[in-house]
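Novice: Okay, here's what each chain looks like letter by letter:
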Amino acid sequence: MQTKTEIITSPRLGEAYRQIKHSSGLEMRLYPMQGFNHTYALFATKYGSVDTCFKTGEDADFVKVPEGVAHFLEHKMFENEEGDAFIRYAATGASANAYTSFDRTAYLFSCTENFAQSLEILFDFVSRPYFTDETVEKEQGIIGQEIKMYEDNAEFRAYFNLLDAMYHNNPVRIDIVGTEQSIAQIDKELLYRCYNTFYNLGNMVLCVAGGFDIETVLETADRMLSPAKDITIERAQTDEPKSVRLDYIEQNLPVALPLFHIGFKADPAGERDNVKNQIMDDILLEIIAGDSTPLYRRLYDEGLINSEFSGDAMSSRDYSFAVFGGESRDPARVRDEIAKEITRIKAQGIDPKLFGRYKKASYGSYMGIFGKVESVASFMLSAHFAGVEVYSVTEMIAALTVDDLEARLKVSFDVNRSSMSVVKP
Amino acid sequence: MAASMTRAEIGEKVFFSHIPDPKFKRNLVSINFIMPLDAATASDNAVVPYILRKGCREIPDFSDFNGKLAELYGASLSAGISKVNGWQVIGVSLSGLDNRFALEGEDITGECASLLAAVALDPKLDKNGVFDEKDTELERRFILDSIEAEINEKRSYALSKCMQAMCAGEPVAVRKYGTAETAGLITARSAAQAYRNMLKTASVEITFTGCGDPSTAKDIFTREFSKVKRKAPGFSLIPLRTTADSVKHEEEVMDVNQAKLVMGFRVGDVTTDEEQYAMRLCSAVLGGTPFSKFFLNVREKLSLCYYCAANYDRYNRLLVVDSGIEYANRKTTQGEIMRQIKAVQDGEVTDEELANTKLLAASSITKSTDSPSAMESWYLHQFFRHGSKGGEAKTPEEDAAALCEVTKTQLVEAARRIQLDTVYCLHGGEEGEGASDAN
Numbered sequence: 001m002q003t004k005t006e007i008i009t010s011p012r013l014g015e016a017y018r019q020i021k022h023s024s025g026l027e028m029r030l031y032p033m034q035g036f037n038h039t040y041a042l043f044a045t046k047y048g049s050v051d052t053c054f055k056t057g058e059d060a061d062f063v064k065v066p067e068g069v070a071h072f073l074e075h076k077m078f079e080n081e082e083g084d085a086f087i088r089y090a091a092t093g094a095s096a097n098a099y100t101s102f103d104r105t106a107y108l109f110s111c112t113e114n115f116a117q118s119l120e121i122l123f124d125f126v127s128r129p130y131f132t133d134e135t136v137e138k139e140q141g142i143i144g145q146e147i148k149m150y151e152d153n154a155e156f157r158a159y160f161n162l163l164d165a166m167y168h169n170n171p172v173r174i175d176i177v178g179t180e181q182s183i184a185q186i187d188k189e190l191l192y193r194c195y196n197t198f199y200n201l202g203n204m205v206l207c208v209a210g211g212f213d214i215e216t217v218l219e220t221a222d223r224m225l226s227p228a229k230d231i232t233i234e235r236a237q238t239d240e241p242k243s244v245r246l247d248y249i250e251q252n253l254p255v256a257l258p259l260f261h262i263g264f265k266a267d268p269a270g271e272r273d274n275v276k277n278q279i280m281d282d283i284l285l286e287i288i289a290g291d292s293t294p295l296y297r298r299l300y301d302e303g304l305i306n307s308e309f310s311g312d313a314m315s316s317r318d319y320s321f322a323v324f325g326g327e328s329r330d331p332a333r334v335r336d337e338i339a340k341e342i343t344r345i346k347a348q349g350i351d352p353k354l355f356g357r358y359k360k361a362s363y364g365s366y367m368g369i370f371g372k373v374e375s376v377a378s379f380m381l382s383a384h385f386a387g388v389e390v391y392s393v394t395e396m397i398a399a400l401t402v403d404d405l406e407a408r409l410k411v412s413f414d415v416n417r418s419s420m421s422v423v424k425p
Numbered sequence: 001m002a003a004s005m006t007r008a009e010i011g012e013k014v015f016f017s018h019i020p021d022p023k024f025k026r027n028l029v030s031i032n033f034i035m036p037l038d039a040a041t042a043s044d045n046a047v048v049p050y051i052l053r054k055g056c057r058e059i060p061d062f063s064d065f066n067g068k069l070a071e072l073y074g075a076s077l078s079a080g081i082s083k084v085n086g087w088q089v090i091g092v093s094l095s096g097l098d099n100r101f102a103l104e105g106e107d108i109t110g111e112c113a114s115l116l117a118a119v120a121l122d123p124k125l126d127k128n129g130v131f132d133e134k135d136t137e138l139e140r141r142f143i144l145d146s147i148e149a150e151i152n153e154k155r156s157y158a159l160s161k162c163m164q165a166m167c168a169g170e171p172v173a174v175r176k177y178g179t180a181e182t183a184g185l186i187t188a189r190s191a192a193q194a195y196r197n198m199l200k201t202a203s204v205e206i207t208f209t210g211c212g213d214p215s216t217a218k219d220i221f222t223r224e225f226s227k228v229k230r231k232a233p234g235f236s237l238i239p240l241r242t243t244a245d246s247v248k249h250e251e252e253v254m255d256v257n258q259a260k261l262v263m264g265f266r267v268g269d270v271t272t273d274e275e276q277y278a279m280r281l282c283s284a285v286l287g288g289t290p291f292s293k294f295f296l297n298v299r300e301k302l303s304l305c306y307y308c309a310a311n312y313d314r315y316n317r318l319l320v321v322d323s324g325i326e327y328a329n330r331k332t333t334q335g336e337i338m339r340q341i342k343a344v345q346d347g348e349v350t351d352e353e354l355a356n357t358k359l360l361a362a363s364s365i366t367k368s369t370d371s372p373s374a375m376e377s378w379y380l381h382q383f384f385r386h387g388s389k390g391g392e393a394k395t396p397e398e399d400a401a402a403l404c405e406v407t408k409t410q411l412v413e414a415a416r417r418i419q420l421d422t423v424y425c426l427h428g429g430e431e432g433e434g435a436s437d438a439n
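First to last, the protein sequences are chains A and B. Heads up: the first sequence runs through residues 1 to 425, numbered per the working numbering. Heads up: the second sequence runs through residues 1 to 439, numbered per the working numbering.
Just so you know, these hints were derived from the structure itself, not from any lab. Backbone N, C-alpha and C fix where the C-beta goes; we use that ideal spot for every residue, glycine too. It is possible that part of the hints are untrue.
[Stated by the list, open to error] Some chain B residues judged to face chain A by a derived CB distance under 7 angstroms, without partners named:
#, residue
1, R26
2, S63
3, Y73
4, F101
5, G105
6, G129
7, F142
8, A149
9, D255
10, L359
11, K367
12, K408
[Claimed, not checked] Coverage of chain B stretches by chain A, computed from C-beta distances (three or more under 8 angstroms per stretch; other residues unrestricted):
#, stretch
13, 13 to 23
14, 417 to 426
From just these sequences and the hints, can you work out the full model?
Specialist: Here is the structure:
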């Protein structure tokens, strides 16, 4: 396979980046940013906590894996026969890390010098799995403490309890780190199977942004990466009812005020449509209860919310939801008021002034992404997995109409498909 | 390469600093009032930025004001309180997209500067010069809630409790929002009084960071401050105790799954720049990197925790180590932390460890040049170092270079001055007195 390069330009920004399909099969998104002193690289696989049942074209049967495997694998990738990848990075001065989310696992570093050496380390350790019974057991202790840390994190609990309430079967409802019981079931054979399925260069992407040189990336990739085996990945589909599993869920933890999350479950669409839906949901969250709306004012003046109140939408793969969250002495009242406002807007239509205002704010927020190295790389990663090109997102926003948002509001903010999660003292 | 920072005194102890960089796409304007951290005034001062952020005399309505910000392409206004050493920093800032991305030729940068100046210097006050009662009541409650919500985040709560136990009686122990008792006493009148007091007496740092033209901001703030009759005494860092008498132990029981162990250390007399750099590097070697002594031993070798970090507070000259652990393992963890400190004191630091720590630390310092907010906070910290007497502000590059000059001998000398002062542990209370310690 030949390496293929496409240059994507933005007249609006006066900038350009490269979309490259490397001869190994790896997709690359390379965005040199003039004047920036550091570089941020993300090497990611389309494999996250929601991938709990899968097979490759070569496997006879689907495997159902315990909760938290993708995250466990992420921890274990840092270690091989020669020791710890962090120790190797130490000699380059790069700051390295990794994270696992619902739909991806990403290995990353940022650096101000020795970029080529750091990239070489990144390619090398992510390409060479090494798991033994002893190292798996050792990691169970460390991740056990990470799980406990999250168990005490009220914000985190309120959010994951909400997903547990909204979804019946979709694995988005499980904790990304798993549980002490689930990670105890993990062994090296299972880690190899997950690795061999998802850490195929054809299922991965490299996104780099900042003060680097494109040639260095290509030269390092040519040297380090072998062509990937051509495999197909099948993910078992879960049958998810439209309804929410629970209308309400609560947990007691030592917190001052009750923390709440109110979620609205929507139907997922294709990956590309999910991007547009998420943008529309983000704007709708503002139109319903953004800080210049009548509802926000009412809730604030009555002391039902404080400045911690905010909204967040997420649409990816096979889930789509929008969430309001904050602190309140009376979360039930907040929920009622939000439901009433949604019903009112549906009946009376969206205020064109609010629409114009928040569309402009959304444009501003997406343009702002291009001023920050980490944000550019992360945005390219999300866009790639969603099958869109980053500059097209601002054009998507520019093209939105009130009609688009009213149509979306009808399906994405259904008060009969909502749940509330409360963590209270 | 960006042009260098420029700084001018535009009023008595009112400084306007321009931190330019053409690569940024947003501009950030901030105003910070630096006041003595005092238990009697902390809560009244703390509520001020939260009342100010709700509008100004010209746009008094909160919703209209927020609407205006949204129309400026989502300009983002933040209000906040922080504390540095024995000083309370009351800040309001506004970040907006640069003019070159405006779709209809709006002067976003100029409007943001005017709005911020209006929020900070021309607030809505009634005819008696008092804040709005309703606004004050809501924000008073927010301050009270924020004080109570300190228990929500167990790690920061534990760190703050250790600091309070360690520095009891010193000005730095006063909490940034004050206490529930003092916050309960906030009134529209007392808050307005606190506001007027800071307007007259605080040292003020105004910064403009970004690619845009700072002249509107500089002109407005110069003009507005010329109307204020000021008498500002200035500020300088307050020295804390440098040595520990005996080790204080404090435990607290809460319904938590994971115990939080925090160990506070005094670091002796750190007076010269060289000693300061040596102590910063010493903290990084101990627990500031993923190849540090604590990470490799407490986490990787003994699997005792997910995190074990060392942080050096360069203003207060304190070193704090914290870790999330099983309560039953606390003595083992504490023992291992002390063993690693001892190792550094005994000179067990390889040239490679030292070189690698410098490389990572230098890189993380240089990286701040790529973010407007990091650059703003960089220079604010530079100004803090010298206080009102003024002095040279180092660029991140100069600071990184100086850090890399630290020798192993200086590092070991720094480590030898470290003395344990306080051990604080927040836990679920099930393991008795730690009798079931692991190992």
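Novice: So which of those numbered hints doesn't the model satisfy?
Specialist: 5, 6, 12 and 14
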